[in-house]
Amino acid sequence: MNTNQNTLFQGDQVRDAFKQSFIKLDPRILVRNPVMFTVEIGTVVMLIVTIFSFSNSGQGSFGYNFTVFLVLFLTVLFANFAEAIAEARGKAQAESLRKTREETPARLLVNGNEQTIMSSLLKKGDVFICETGDTIPTDGEIIEGIATIDESAITGESAPVIRESGGDKSSVTGGTKVLSDRIKVMVTTQPGESFLDKMIALVEGASRQKTPNEIALTILLAGFTLIFVIVCITLKPFGDYANTPITIAAFISLFVCLIPTTIGGLLSAIGIAGMDRALRANVITKSGKAVETAGDLDVLLLDKTGTITIGNRKATNFYPANNVNEAEFIKACVLSSLADETPEGKSIVELAEQDKNMPAVKAPKDSVFIKFTAETRSSGLDTPDGLRVRKGAFDSIKNIALKAGNAFPAETEERVKLIASNGGTPLVVSQNEKILGVIELQDIIKTGIFERFERLRKMGVKTVMVTGDNPLTAKFIAEKAGVDDFIAEAKPEDKMNYIKAEQQQGKLVAMMGDGTNDAPALAQADVGVAMNSGTQAAKEAGNMVDLDNDPTKLIEIVEIGKQLLMTRGTLTTFSIANDVAKYFAIVPALFMVSIPALKALNIMDLHSPQSAILSAVIFNAIIIPLLIPLALRGVEYKPIGASALLRRNLLIYGAGGVIIPFIGIKLIDLVVGILI
Numbered sequence: 001m002n003t004n005q006n007t008l009f010q011g012d013q014v015r016d017a018f019k020q021s022f023i024k025l026d027p028r029i030l031v032r033n034p035v036m037f038t039v040e041i042g043t044v045v046m047l048i049v050t051i052f053s054f055s056n057s058g059q060g061s062f063g064y065n066f067t068v069f070l071v072l073f074l075t076v077l078f079a080n081f082a083e084a085i086a087e088a089r090g091k092a093q094a095e096s097l098r099k100t101r102e103e104t105p106a107r108l109l110v111n112g113n114e115q116t117i118m119s120s121l122l123k124k125g126d127v128f129i130c131e132t133g134d135t136i137p138t139d140g141e142i143i144e145g146i147a148t149i150d151e152s153a154i155t156g157e158s159a160p161v162i163r164e165s166g167g168d169k170s171s172v173t174g175g176t177k178v179l180s181d182r183i184k185v186m187v188t189t190q191p192g193e194s195f196l197d198k199m200i201a202l203v204e205g206a207s208r209q210k211t212p213n214e215i216a217l218t219i220l221l222a223g224f225t226l227i228f229v230i231v232c233i234t235l236k237p238f239g240d241y242a243n244t245p246i247t248i249a250a251f252i253s254l255f256v257c258l259i260p261t262t263i264g265g266l267l268s269a270i271g272i273a274g275m276d277r278a279l280r281a282n283v284i285t286k287s288g289k290a291v292e293t294a295g296d297l298d299v300l301l302l303d304k305t306g307t308i309t310i311g312n313r314k315a316t317n318f319y320p321a322n323n324v325n326e327a328e329f330i331k332a333c334v335l336s337s338l339a340d341e342t343p344e345g346k347s348i349v350e351l352a353e354q355d356k357n358m359p360a361v362k363a364p365k366d367s368v369f370i371k372f373t374a375e376t377r378s379s380g381l382d383t384p385d386g387l388r389v390r391k392g393a394f395d396s397i398k399n400i401a402l403k404a405g406n407a408f409p410a411e412t413e414e415r416v417k418l419i420a421s422n423g424g425t426p427l428v429v430s431q432n433e434k435i436l437g438v439i440e441l442q443d444i445i446k447t448g449i450f451e452r453f454e455r456l457r458k459m460g461v462k463t464v465m466v467t468g469d470n471p472l473t474a475k476f477i478a479e480k481a482g483v484d485d486f487i488a489e490a491k492p493e494d495k496m497n498y499i500k501a502e503q504q505q506g507k508l509v510a511m512m513g514d515g516t517n518d519a520p521a522l523a524q525a526d527v528g529v530a531m532n533s534g535t536q537a538a539k540e541a542g543n544m545v546d547l548d549n550d551p552t553k554l555i556e557i558v559e560i561g562k563q564l565l566m567t568r569g570t571l572t573t574f575s576i577a578n579d580v581a582k583y584f585a586i587v588p589a590l591f592m593v594s595i596p597a598l599k600a601l602n603i604m605d606l607h608s609p610q611s612a613i614l615s616a617v618i619f620n621a622i623i624i625p626l627l628i629p630l631a632l633r634g635v636e637y638k639p640i641g642a643s644a645l646l647r648r649n650l651l652i653y654g655a656g657g658v659i660i661p662f663i664g665i666k667l668i669d670l671v672v673g674i675l676i
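Note that our numbering numbers the sequence shown so that position 228 is 228, with each residue one more than the last.
The set of hints was computed from the structure by calculation and includes no laboratory data.
Certain hints may be false.
As the list claims (entries may be wrong) - With a straight-line Cα cutoff of 25 Å, these simulated DSS-like cross-link-like pairs (lysine-lysine) come out:
#  : residue 1 : residue 2
1  : 458       : 434
2  : 356       : 331
3  : 417       : 403
4  : 362       : 314
5  : 458       : 398
6  : 417       : 434
7  : 491       : 480
8  : 480       : 446
9  : 365       : 398
10 : 458       : 507
11 : 417       : 446
12 : 184       : 362
13 : 446       : 398
14 : 462       : 480
15 : 398       : 417
16 : 491       : 371
17 : 458       : 446
18 : 491       : 507
19 : 434       : 365
20 : 417       : 491
21 : 403       : 491
22 : 475       : 462
23 : 236       : 458
24 : 236       : 314
25 : 398       : 314
26 : 184       : 331
27 : 462       : 507
28 : 500       : 417
29 : 362       : 403
30 : 500       : 314
31 : 331       : 398
32 : 177       : 124
33 : 123       : 314
34 : 434       : 331
35 : 446       : 434
36 : 500       : 475
37 : 475       : 491
38 : 458       : 475
39 : 371       : 462
40 : 446       : 475
Work the whole structure out from these sequences, hints included.
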């Protein structure tokens, strides 16, 4: 997916947004934005006044009223344009995604025979075959085989990836292409519900909802609007008392200028742009709330395998216990791994096959395979002649041996500790509940991860590694990766409990993972980020999907979330400060003739009441399009404290929000004063 767009406004997007600006004038659409809806009502009233003033000058001249009407109309149009241009950028990306979702043939397996059908006819549970050069017709899980896959249509990355059955790298996405080998895939979604379909719906805005912060701000703006309705109404008796007739145009102009039209016009664009920026970072977000929440995160849980490490631990050495024949030990290692579909299990078989002196190992007929599970943390097989072979985590196999009354060899326990202290993962092997030795697996930590965790720490985010490894291994990897804490020998419920405990203390927690066993924790977390390479269950449970499979992508997500909150806060500060300046522009100018004492408040020395009103409403209209680039790009994020951020906002956007209108309105008044 091409997410690199260097220009903020592209011609086709601007044209589409311009059309949508008029469509959004529909009151049924605009009513969702209370501030701009009231401006639209004021515009309609001014249209009626303008028509009336054509034959009656009691409410001011036709030219004056028409100018006010035109400026108010443009104010609504500019606000609609801000929202429409943000949506247009999302729709443009949706179109690029849609091109990858072309109808493709699928080689469906029916009773062992291949049958070619179109991808739209595939149903959940169907199994299809893909070979070199085939385009994967829909989302699924590889149930047999291994293949190199080009995912550039989805992620934009040219480097191919490896997907294989078993483990957490078995998920494939419709629209990607098989570069080598052959795989058998089971469909995991219904027609129209694929990951790509959901991505398109999300970026088009169909599933976007306002965030709690956005809803609260909308309520605040609606409250301000109601207050200023009352303020403007009370000016009528005040004007009568001061013998200063106030025209409808003056009332409406004052009202529109006092309500926070700037933030009201840009609020929707800011929210949409936040999700758009996440998409440009190759992160699909299922709601604006997730992006916003990321800006306030306290804790991040990361699954070790596939997230902090490369993912596929490889068997590197066999260490038989004393008085155990090496060949017999290796044979037991292979037998215990024949039913283990994880990459680690397969690597044990591959390491054994590298020894040319080792004969091929096959399971006896009618053997019962014991598959690896997260609960037992072991695998193996039982043969018809009573042989029971198990391979698994140190504590799991140790318990099996001790329960049977067998001792755990001291040299094997020392080897386990040595492997763990060197960052490896030890797998102990037993036969008939007697310890035979240990297999060494090694993890590879992803490059640059230490530095990125340091950045998270500076942002105030605590990082916690979650792993099923023993505490020694977990400690070594945690220190090497630079995480703040770790949870060793973790089961799926341990992740859930940790997240709940942190949430009960009022903390916001994020979880990153890629496996089916991560799904419950991803669903429980405030921000659940699933790897695109992970299982379908993980992607369904999370509220974000990282297309690049980068565990440190959360740094960018946090920055985008903080940028979203900062942008909304800074523009709100600017909008309210604007109101102060416009108040001092209009109110003194309206009454300074009948109440000379108010002339002292006319600090801008505006030409006349009419020029003051026109200058204020014109400035009020043009400031919205001028701030659209800031709303779309967002305020630059800097890792500073809340108090420093508040001072920065007040200094730049608070003071600027007062000074800029004073300058702008005065300049416009100089021109308007000449024309009227």
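Within a Cα-Cα threshold of 25 Å, do residue 500 and residue 314 meet the stated pairing? violated, 33 Å
Residue 458 and residue 446 were given as a pair; does the straight-line alpha-carbon distance stay at or below 25 Å? The given pair, whose Cα atoms are some 20 Å apart, holds under the 25 Å limit.
Tell me if the straight-line CA distance from residue 446 to residue 475 falls inside 25 Å. holds, 17 Å
Against the 25 Å threshold, does the CA-CA distance of residue 475 and residue 462 hold or violate the hint? holds, 16 Å
Do the alpha carbons of residue 365 and residue 398 lie within 25 Å of each other, as the hint requires? violated, 28 Å
Holds or violated: are the alpha carbons of residue 458 and residue 507 at most 25 Å from each other? holds, 17 Å
Is it true that the CA of residue 446 sits at most 25 Å from the CA of residue 434? violated, 37 Å
Mind checking the alpha carbons of residue 123 and residue 314 for me, to see if they're no more than 25 Å apart? violated, 36 Å
What's the verdict on residue 417 and residue 434, does the C-alpha distance respect the 25 Å limit or exceed it? holds, 19 Å
Pairwise hint evaluation, residue 403 against residue 362, where the allowed Cα distance is 25 Å at most: violated, 29 Å
Is residue 491 within 25 Å of residue 507, Cα to Cα? holds, 22 Å
Decide if the proposed pair is consistent with the structure: residue 184 and residue 331, CA atoms, cutoff 25 Å inclusive. violated, 29 Å
Violated hints for the displayed structure, listed by number in ascending order: 1, 5, 9, 13, 23, 24, 26, 28, 29, 30, 33, 35 and 39.
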